[in-house]
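Asker: Quick mapping for you: the protein sequence lines, in order, are chains E and S.
Take 3 as the starting number for the first sequence in this note's numbering and just add one per residue.
Take 3 as the starting number for the second sequence in this note's numbering and just add one per residue.
These aren't lab readings, by the way, just hints derived from the structure by calculation.
Any given hint could turn out to be false.
Copies of the same chain look alike in the list, so a pair counts if it fits in one copy or across any two.
SDA-like cross-link-like pairs, simulated, lysine to any residue; straight-line CA separation at most 20 Å [what the hints assert, rightly or not]:
hint: 1; residue 1: Lys58; residue 2: Asp343
hint: 2; residue 1: Lys344; residue 2: Thr140
hint: 3; residue 1: Lys58; residue 2: Ile304
hint: 4; residue 1: Lys344; residue 2: Pro148
hint: 5; residue 1: Lys58; residue 2: Lys344
hint: 6; residue 1: Lys344; residue 2: Pro12
hint: 7; residue 1: Lys58; residue 2: Ala143
hint: 8; residue 1: Lys58; residue 2: Asp297
hint: 9; residue 1: Lys381; residue 2: Phe288
hint: 10; residue 1: Lys58; residue 2: Ala108
It should be emphasised that the depicted structure is a prediction, and the values quoted were computed from it without experimental measurement.
There are 2 protein chains.
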Amino acid sequence: MSDAISPLAPASFPELPPVAGVQLAAHAAGLRYQGRADLMLAVVDEGTTVAGTLTKSLCPSAPVDWCRTLLPSGTGRALVVNSGNANAFTGRAGDTTAEMTANTIASALGFEPNEIYLASTGVIGETLPEEALAAGLTELATGLAPSNAEGWQGAANAIRTTDTFAKGASATAGEFTVVGFAKGSGMIAPDMATMLSFVFTDASLTQEVAQSLITNAVEHSYNRITVDSDTSTSDTVLLFATGAAPGDPITSANDPRYTELETALYDVNLDLAHQIVRDGEGATKFVEVQVSGADSNEAAKIVALSIANSPLVKTAVAASDANWGRIVMAIGKAGQRADRDKVAIWIGDEQVADAGIQLDGYSEERATEHMQGDHVLLKTDLGIGDGAATVWTCDLTHGYIEINAGYRT
Amino acid sequence: MSDAISPLAPASFPELPPVAGVQLAAHAAGLRYQGRADLMLAVVDEGTTVAGTLTKSLCPSAPVDWCRTLLPSGTGRALVVNSGNANAFTGRAGDTTAEMTANTIASALGFEPNEIYLASTGVIGETLPEEALAAGLTELATGLAPSNAEGWQGAANAIRTTDTFAKGASATAGEFTVVGFAKGSGMIAPDMATMLSFVFTDASLTQEVAQSLITNAVEHSYNRITVDSDTSTSDTVLLFATGAAPGDPITSANDPRYTELETALYDVNLDLAHQIVRDGEGATKFVEVQVSGADSNEAAKIVALSIANSPLVKTAVAASDANWGRIVMAIGKAGQRADRDKVAIWIGDEQVADAGIQLDGYSEERATEHMQGDHVLLKTDLGIGDGAATVWTCDLTHGYIEINAGYRT
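Please take these sequences and the hints and turn them into a complete structure.
Answerer: Quick look at the structure:
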């Protein structure tokens, strides 16, 4: 594995503000990686509302199963994440490890085990080294400090696997602060099989409001990115709303603060989702796929993902090849209603095709020029309805093969 | 584009026997390629039954649309195929080209235009050069000769695009002969977007019998291979049954000759399908994915294709990395019922996992050794039912990127 940072990485990790009611710790437990933190803990104030979404994989990791049983309570006190080992496909032993993790942190901090959320990211099919993990957890619990820029960066670093940079984002919503951090080198990273994202706010939210806010944010951010079409056993997004900021709880979508918070959560999660694409394995270009004129928004999303997941489209982008026939192919295979003779296609601002045929004035030179940049826009109008959607992906390069044909060794 | 032949190619093109009632011609019309045949014609005896399957793409090529209107007749006299240009996404002009092609051959040979089946394979979105095509078609019609080994090889060569070798196969069914040829470097080839296969037999079949035979054969051959998960605008499989062999027509599946012919068609089409995988872009390994113990055969096929289409599984195969966690991931994302704690996995003969956890005696060394060969077997038993399916694919290598990031230039 090379130490090179993605060419699409942001210049630096953002300066993330404190979120009242959140304490953080990170620790190098040596679970797999040497010389870097691989374990993090977030502790949230009593009364914190927790909501989230988990992978739809039918072979989920033990921590995903664990979180699935906790989420209906809508509350919790802590989050523990390790990197290097996904604790997935580890059978009964994996469940035992999850229980031990929750028990250790709970007894160290005086919580109940069912108040401790868990996530693991890394290799599938290997059991975690129990002793090193237990020792690390005990250390971790002694290192808590109120959340601040340094703490957020430390936490974001501790959950990295093949990520070439740590991913964080923040926004404010009126008087509230929203901070999130994430890991992932694609919808799935190699072996890691994981996209994790954790978002914290000091707003006070009911469980229903928190779940609605995070579900919407996920649908318009993580669910609209793809690196390689592979879906993870461990995908986890959790929102912790501590309620430590002043003000009454937000109990419905009619509260004007709901809309502000919705925007802030959308901004933070979309920023993190884009950072994941920018760290897509082997990525050299950030690709935006816009589809309009579809039967419905859902149909537009399916067509956009068909384009974004096509290895032929992605290799064409890598080569700055304005090979729009591959976009036609991807529209055709998406299984959504389309009328070939109504399709229009743009590469950047350059219109390529209209009414199902190449435009007379189309300049392949201008299209190619656009594709040589590192932000490529592929736009399609199906011409049959009002449905629209945008998704994001990266190009498919030799780097992807390089990383994935050699990761474990 | 390199001239290298796939390392998985057969030693030579097979010696294909004549099929009574079939005449062949090939011609170098210079439509795109120079110095090689790019146009072929097959003429079949009066009374020939025609059946087939066409791409499910919603942006199909003009020849696919043309064939779709002809197939309900169940009969025909000729097949014309060009390579280098798919005549797809070419609007009204594409339809005009298709009509001109059928008209030219029909009037040269005294047939009706609606007796002429068409297929095109090559670049999408460009109109065919009408004049060169018309001239080529006229030449083509003068070069017919009864089908023989040389003729079949010439026809198979004329339909190649990025194929590194011509693909043919034959079988006998009692007194009947079955010969087929095909092109394709994957379910989709770059730009080409095409898997074409044409099968001829001297058996006499009713339309219903012919359609049932070819539909079954396609379902168990072409529909079970994948190179890159991209589905073509031009996929076409046609069966021509000339009835020139002695004997009464086969009118039902109860005829004992039906079963013989079913086996022969299965053999020929599976052989051609495997040859397409062996010519998969950048392929260095032929991969067989077996799934058993699923809810149904259909569920098993979906899980097997999820494994075979996963870029992470395919890059692991390329690297001879016994990274079975990626197989778990692909099972989990397939959307079919699975119980993590019942899954068993084999790499070759080496059992990796049982009951959802790595087997104690598992030897990664032996698994790796198997993966270093050029025929890799990945076997999974879901442990919940009787459904089973096998699909075939190839590995994902730098070669795929090489070919697809540079094809048009």
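Asker: Next, verify each hint and record whether it holds.
Answerer: To see whether the hints hold, each was checked on the structure:
Taking the closest pair of Cα atoms, Lys58 and Asp343 come within 20 Å of each other only across two copies (17 Å); inside a single copy the shortest separation is 36 Å, beyond that limit. In the homo-oligomer, the alpha carbons of Lys344 and Thr140 never lie at most 20 Å apart, since the shortest distance is 63 Å inside one protomer and 34 Å across protomers. In this assembly of identical chains, Lys58 and Ile304 lie within 20 Å of each other by CA distance both inside one copy and across copies; the values are 17 Å within and 16 Å between. Proximity of Lys344 to Pro148 under the C-alpha cut-off of 20 Å is found in neither arrangement, the shortest distances being 57 Å within a copy and 44 Å between copies.
In this homomeric assembly, Lys58 and Lys344 come within 20 Å of each other (Cα to Cα) only across copies, at 18 Å, whereas the closest approach inside a single copy is 35 Å. In this assembly of identical chains, Lys344 and Pro12 lie within 20 Å of each other by CA distance neither inside one copy nor across copies; the values are 39 Å within and 43 Å between. For the identical chains of this complex, Lys58 and Ala143 are neighbours neither inside a copy (31 Å) nor across copies (57 Å), given an alpha-carbon limit of 20 Å. Proximity of Lys58 to Asp297 under the C-alpha cut-off of 20 Å is restricted to the inter-copy arrangement: shortest distance 19 Å between copies versus 26 Å within a copy.
In this homomeric assembly, Lys381 and Phe288 come within 20 Å of each other (Cα to Cα) only inside a single copy, at 14 Å, whereas the closest approach across copies is 36 Å. Taking the shortest alpha-carbon separations for Lys58 and Ala108, neither the intra-copy value of 28 Å nor the inter-copy value of 55 Å comes in at or below 20 Å.
The structure fails to meet hints 2, 4, 6, 7 and 10 from the earlier list, while all remaining hints are met.
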